[in-house]
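Chemist: Each chain, letter by letter, is given below.
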Amino acid sequence: MTTISISVNGLERTVNQGTTLAALVEQLQTEARQESDPTAVATAVNEIFVSRSAREAYTLQANDAVFTFSPITGG
Amino acid sequence: MSFTIADTLLSSRFFLGTAGYPSPKVLHDAIAASGAQVVTVGLKRQLAPGQNPLSKSTTEGVSNAFFQMLKQNGAHLLPNTAGCKTAREAITLSHMAREIFDTNWIKLEVIGDDYTLQPDPIELINAATQLVKDGFEVFPYCTDDLVTCNRLLDAGCRILMPWGAPIGSGQGLVNPFALRTLRARLPNVPLVVDAGIGSPVDAVKAMELGFDAVLLNSAVAQSHDPVKMAEAFKLAIQSGRMAFEAGIMSRQDMATPTTPVTGRPFLL
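Residue numbers (the working numbering), protein chains in the order written: chain A, 1 to 75; chain B, 1001 to 1268.
To be clear, the hints were calculated from the coordinates, so they are not data collected in a lab. Note that the Cβ used here is the ideal one computed from N, Cα and C, for glycine as well. Do not take every clue at face value.
List of simulated lysine to any residue pairs, SDA-like, C-alpha gap at most 20 Å [stated by the list, open to error]:
#, chain 1, residue 1, chain 2, residue 2
1, B, K1085, A, A65
2, B, K1071, B, K1133
3, B, K1133, A, I48
4, B, K1085, A, A23
Derived, one-sided and incomplete: chain A residues facing chain B with beta-carbon distance under 7 Å [said to hold, decoys possible]:
#, residue
5, F49
6, S53
7, S70
8, I72
9, G75
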């Protein structure tokens, strides 16, 4: 299977071609031993917001820079 | 004491930040003691997988579930765009915050200087313009510059949050003249002093100037007893507001006798 290189929160990563953003989020949560929960993070690709509902339709492209954000305390 | 901000009726004029508390319990109790109905929250880029748990928070143990619990208890979450330096970053982060926290309120921070964390007025106005178009209720963290504030209003902001002093500095109101000018020139705009408050005295002063509310974080979180300090600020903000509404006497150099005696007691 062909793979492509992307970055996730600044770290390089290889994923199978055709991987969706939704699948990547699920993978990340599994690796972090979290329950699969698409509402726990917000996502952006190449600094553009990708909404929860648009993740399934977003197929990752080579060199995409994916960012995932989660809630924290703040002032 | 109640007032309306962003079409929302609030009885508390105290907006409280949630960062830097010793524990989630202290944070929870401090919010309760403050009576605050608006609490600020943030978003953080997750650390690389394998390096750290995804839900790592600055206050260990505080998760989205905690914030949703606050929301269910009636608090309004005000997410910020801390760390952003460009309008583009702030716009993207605002959209993420709207999705995660399920609110269109955003405390818009676009920083232009690392040392003072002073807002960048150009990027701030650009971001505010776009976010208002995108349906956000923008609470811009801005300086006390009147013209910048007017431009933010032109952009569609309905609230302004000028600094009292740099974030986390605890210096109080370093330029009361500028704040007084803002209040005088913008009598109908909800104004919130955001950042720089150190002691409850500073909050009293902000309220006495006629500001509508005060937003602070470090002054409570960094005190030895945040729960007690939260209550101290609650009382100070109430007190300052009541004093403003009651009308403070004007100052004069000369003494004026208070007790209505008839001259000297034994001198006819």
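Chemist: Quick one: which hint numbers does this structure break? Sort them smallest to largest.
Modeler: Those not satisfied are hints 2, 4 and 6.
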